[in-house]
Every structure is written in structure tokens, then in C-alpha cells.
Amino acid sequence: MTDVLQIVFDALSLGSLYALGALGIALIFGVMRLVNFAHGDFIAFCVFAMLWPSIDAAAIVFAGRLPFYLLIPLLLLIGAVLSILSEIVVFRRFRNTNPATMMIASFALGFVIRHLLLMLYSSRPKSITLWPSLGLPVEFLGAHIPMLQVVTIMITLVVLVVLVLFLKRTRYGLEMRAAAENFTMARMLGVRANGVILLAFAISGMLAAAIGLILATNSGTADIGMGANVMLIAFIATVIGGLGSIPGAVAAGFLIGAASVVFQATLPHDARVFRDAFVYGAVIVVLLVRPQGLFAPKSAKQRV
Amino acid sequence: MSTRPSVIRQTIVTPIILIVALLIMAALTYQFGSRAFNRTAVEMFINIMVVVGLYVFVGNSGLLSFGHISFMCLGAYMTAWLAIPPVMKSITLKGLPAWLLHTQLPMWVATPISGLFAAIFALIIGRVIMRLSGIAASIATFGLLGVVNNVYSNWDSVTGGQGSIVGIPPTMNVWIGWLGATAAIVIAYLYSISRSGLALRATRDEAVAASASGINIVRERLIAFVVSAFIIGLAGALYAHFLSIVNPGAFYLRTTFVTLSMLVVGGMYSLSGAVSGVVVMSVLIELFRNLEKGISLGGHTIALPNGAQEIAIGAITIVMLMYLPTGLSRNREFSWRGWPLQRPLARPVQTALKELN
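Residue numbers (UniProt numbering), protein chains in the order written: chain A, 1 to 304; chain B, 1 to 357.
By construction, these hints were calculated from the structure, which means they are not laboratory data. The reader is advised that the hints may include incorrect statements.
Not close to chain A: a few residues of chain B, all C-beta gaps over 10 Å, as computed [claimed, not checked]:
1. Ile16
2. Leu64
3. Pro86
4. Thr92
5. Ile129
6. Gly134
7. Ile139
8. Gly146
9. Gly167
10. Pro170
11. Trp175
12. Ala183
13. Asn290
14. Gly307
15. Ile313
Partial list, computed: chain A residues near chain B (C-beta under 10 Å) [as the list claims (entries may be wrong)]:
16. Leu117
17. Pro125
18. Ser127
19. Ile128
20. Leu130
Predicted, not measured: the structure shown is a model, and the values here were computed from it. Quick reminder that beta carbons are idealized off the backbone N, C-alpha and C, glycines included.
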């Protein structure tokens, strides 16, 4: 029983991480059909923003020393600004190009950000200690659950609730949903394209910062490649969830998190290192059965 | 009867120009280049093979693939298994089957086998992935890259895990590099003038009309996928012979990105674009590599910080996509009449379908 509970919490917390990532990608995809490969590097950037640039082995914690009520808004702001800047400088010029071109452009942007970080911070992982008290286990129905897992799940739930309220109850949310449904039509009905797109980028950047914070607290290190893995899974989640469907992306994020944890727990020991291969393989199988994704929105259907 | 010259007569000039141009580069390098420069040239020829292989699939089908570098990985490791002396293999790669453990093949045999291995793998996996289209297909190829990388970095007894396998005979020089690039160009050319190539380009430009005309999209895509995997498998094999070590990290996101950006810079939809993209990017990379080492200007050494090379590649790709989305070659092929060339590819009509995606 306690083992099962442990697995459930592992699955939920990993799934939360993937869901937040998938959400960041799905929001942008919804408004401008851009698959943002730079998202993982946004995450890494937000983590490294807590450190002072130096290529020494020892990390000089800079913003990371701030108390949490300042640090969290600061990082969210950094994420949002980076994301908005990338829209203004790069993606704005690709509005009307085909998705393949946009994909390569975002890949290139991610490459630039990653190597900028490498240049400033060197490739060595750096230790960064944020809120060590979150690593302590709490007892829950006999199972020892790290506090951080509980916090991660709570944060994700809060983010989801806020986002749903935002999308369903506010004018901007309505505009964003309309834009995701049919961008051209939404523009004709008076939705301001730039505003909606910038807003989507800002939210996506903030989500990247949130993931960065969780990852950094969890692993205690800042590593250039730390966003890449989450990003890969998050993409896959957006595709499985049905491109353009925001609830689908979240659900698929949780699904993949659960699949990884279950594979980790049930695969024979020798095969455990190949867990990711199993996860990717499962994804390809899902795509074969439903190429349009599990929760494809009606608008995604191709019309001739 | 018909006064129109055959397809071959019309288009044969393109591969000839490309091959001769590369031959001149190889000869000049061999004659005047330093050892280090020779290595750079070999690297360029291998990249030409990879990018031409990518062009066969991406250029003709219009689908973006992030997974082709995994074929390079397969080819390189196959070569390592076949070409490393048995004495060394029995120490580092204990998990290989006995017959593989005791064979050692020369390069001329190992390389085509590696290509075939990649092609067969592509045939199996392609039957699955090619049924998808658009962004789902691109993401699935990403999944392919992830699977191959994960397996090759963790299957310690057969691939040596994260570490490198050493001991592949280093038998590469510019001439073999040129030969490899020539083979790639010839295969790509023959494919693109073939019935299947033409059909696939039709599906790229107008999928609905093409399938209404009786083209089996999945089948044509699969053929291109296998052909391109064969070329890239060959490139992987030569790469293994070139470096004489292989490790899985060399066949992952960085290589994927660099080769894709070479293709984009040159022009995704033309063979000339693929080749010229590699040449131009290789020159730029070499330039920045030297700038990172530092140049002396009037007694002062000015050096760019490490990493400037990659940032420059990324920035050039973005700028290129912004201002010349059809690449340096404008998606046209080289020929005698006019430079870079006369017959522009008709722009595909914007359809409702394209707008949606």
C-alpha cells in the first residue's frame, strides 16, 4: 500500500512537471502554430539567472539568495521577459511561414541561448541550494513523501486552476481561446494579434521559470541540459494531447509522467536504463493509433 | 517525335557541376592544405553526405525530420563492430554475438554493410512513422532520435555506454571523403529524377491532389526515408573511420541542429542547396573556430570567447530564415544557363490545408 502511494506521488509530481512544460508549449502553439524548441533553454536560462556569471567551479549564488517572496516573482519576470523578447526579436518575423521553418528557427534560438549560457557559466553543473527544508519527507498514510513532491503537485494544481479561470473568465482568456481556435477569424472579430501572442509568450515564459525553480530545488544543481529532457517530453505530451488542445496537453503530461514512473517501477532491473526508450516507443504507438492526438480539438481537423 | 530532351539530359548538369566543384576542392586541399585543413575538408565531405541524405527525405517530402542523425549513429556503431580488431573488441564489447566478435572487415566492405543496416532499420521504423504527417511526424522522428540515443548510451556490453569505443582503423582521407560525397550526390540525384522522387515532390506541393492522382503517399515517403537512411548510414560509417572513435553524444541534438541548419541555409528543396549550404557553413565554422583561437592584429591577439562559433551558427540560421527563407540557392539547381539558375520551382499554392497547419 505504501509502495503504491509512493508511486502515485512520484507519478503525480513528475507528471506535474511535464504538464507545466506541455502547457507552456501548447499555449504558444495554439496562438501561432509555433512548436517552440527553445522552451527547454528558457528553463535553463531561468535557473542560471539565479547565479552570477562565472566559469569557476563554485557557483556564486546571486539572485538565489533572495527570500522566496522576492525570488519567485523575480524569476517569473525573467522568464516572461526572455520569452517576450524572443517573440519580438525572432518569432514575430516568422508569423506567416510554414511550421517547419518556425521549428528550425526556434531550434536555432534555443541553440544560441544554450551556448550563451555555456559561454557565461561553462559546462560544469553547479550546485545551488534553494530551500533545503523542502527535501525533508513528510509522513502520509505510512509513506514517506518528500515535501517537494507535495509542493510541486500543489503548485501545478494552483497554476492550472488560475489558468483555467483566466482562460474561461477573463476577456484576455476568451481572446486567447478564440485565437487558438481560429486565428484569422479571431483577428477579424477584433482580437488584437500582437497582444494575444505576447500574452501567450509571457505566460509560457513564466511557466518555464516555474519549472526551472522546481527542477533546481529538486536536484540542487544548475545544469545547462536540465531543461532539454523536460522539453522533449513536454513536446511529446503536446502532440499526444492533440496539438492546440490545452487540457489535452496537461492530461498527456500527467499520462507520460505516470508512464515513466510505472515503467521505472515495473521494468526488470536490466531494462530500467532503457526507460526513456520505452516511453518514446509508447509515444510512437499512441501516435499511430491516434495521429491527431488523444484529445484533439475539433478545429484541428484538416479541411480541404 | 517528341522534341523535348529527356529528364536526364535536362538535369544531369547539376550533379556534374557539384561533383566537379568538390573534386577541385579535394585536389586543392590535398595539394596545398595542412594536415589540420585536410581533416576539416574530410569533415566537410562527411557533412555533405549527411545533409544530402537529409535532403533526399526532407527536400522531396517536405516533412522535417529530427531523427536522421540516429541513422548516422547506427552506421557508425555498425562500422565499429565490424572494423575494430577482434582482440580489442573482446575486451571492450563483450556483449557482441560470437560471429561478430571474431570478424574484422576492411573499410570497403564494412561501409556498405553499415549503410544497409541503417536502411533496413529505417525500413522497419519508417513503416510506422511514415503513416504520420506534419508536425506529428516531426515529433515522432524526434522520438526516434531519443530512443536510439537512449539505447546506444546505455547498452554497455554492446555499445560501450556513454564512453567512447576506440580502435576503428583511421583510414580516411580527402579522396575517400570526396568519393563518399559523390556517391551521396549520385544516389540523391537518381532518386530525385526517379518516378518515386517526382511523386513524392507532388505530395509535398499538393498532398490532396497527389493522392487523388493515385500516389500512395506513405509508400513514396518510405522509399525516400530508406534511401536517405542508407546515405546517412554510409556517412556514419565514414565518420567512424575518420575519428576512429565513436560515442553516442556525437549523434544527438548538436549534430542534428548543425546539419539541419546547413540544409536550411543552402535551401531545403534543392540538391545544390544542400551541398552549397554545407560548404558555406563549413567555411564559416572554420572561420569562427580560428577566431576563437585568436588572430594577431598588430601585436595584439584578439580572440572570441569559446562558444562564439555555435552562437554564430544559430544566429546565421535565424537571419537566413528571416531574409532568405528559400536558402542561398533559392531552392533552384545549378546549371549552365544563368547563375545560380533559370527554372525557378513554382511556388506551391497556399491552400486552406496549409493555412490550417
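How the hints compare with the structure:
With a least beta-carbon separation of about 30 Å from chain A, isoleucine 16/B lies farther than 10 Å from that chain, consistent with its non-interface assignment. For leucine 64/B, the shortest C-beta to C-beta distance to chain A comes to about 4 Å, within the 10 Å cut-off, and the non-interface label is violated. Even its closest Cβ contact with chain A, about 26 Å, leaves proline 86/B beyond 10 Å, as expected for a residue assigned away from the interface. For threonine 92/B, the non-interface assignment is confirmed: its Cβ lies about 18 Å from the closest Cβ of chain A, beyond the 10 Å cut-off.
The beta carbon of isoleucine 129/B sits about 7 Å from the closest Cβ of chain A, which is not more than 10 Å, so the claim that it is off the interface is violated. The claim that glycine 134/B is not at the interface with chain A is violated, since a C-beta of that chain comes within 10 Å of its own (minimum 7 Å). The claim that isoleucine 139/B lies off the interface is violated: its Cβ sits roughly 4 Å from the closest Cβ of chain A, which falls inside the 10 Å cut-off. Not every CB of chain A is more than 10 Å from the CB of glycine 146/B (nearest about 5 Å), against its label as outside the interface.
Separation of glycine 167/B from chain A is adequate, the least Cβ-Cβ distance of about 24 Å exceeding the 10 Å criterion. Under the 10 Å C-beta cut-off, the non-interface status given to proline 170/B relative to chain A holds; the minimum distance is some 27 Å. Separation of tryptophan 175/B from chain A is adequate, the least Cβ-Cβ distance of about 33 Å exceeding the 10 Å criterion. For alanine 183/B, the requirement that its beta carbon stay farther than 10 Å from each beta carbon of chain A is met, with the minimum near 27 Å.
The Cβ of asparagine 290/B lies farther than 10 Å from every Cβ of chain A, with a closest approach of about 17 Å, so its non-interface assignment holds. A beta-carbon of chain A comes within 10 Å of the beta-carbon of glycine 307/B; the shortest separation is about 4 Å. Non-interface status of isoleucine 313/B relative to chain A is broken: a Cβ of that chain comes within 10 Å, the nearest being about 7 Å off. With a cut of 10 Å, the hint placing leucine 117/A at the interface with chain B holds, because the nearest CB-to-CB distance is about 9 Å.
Because the smallest distance between the Cβ of proline 125/A and any Cβ of chain B comes to about 15 Å, over 10 Å, the interface hint for this residue is violated. A cut of 10 Å between beta carbons decides the hint on serine 127/A: the least distance to chain B is about 22 Å, and the hint is violated. Using the Cβ-Cβ criterion of 10 Å, the hint placing isoleucine 128/A at the interface with chain B is not satisfied: the shortest such distance is roughly 21 Å. The closest approach between the C-beta of leucine 130/A and any C-beta of chain B is roughly 27 Å, which is over the 10 Å cut-off, so the hint fails.
Going through the hint list in order, the structure does not satisfy hints 2, 5, 6, 7, 8, 14, 15, 17, 18, 19 and 20.
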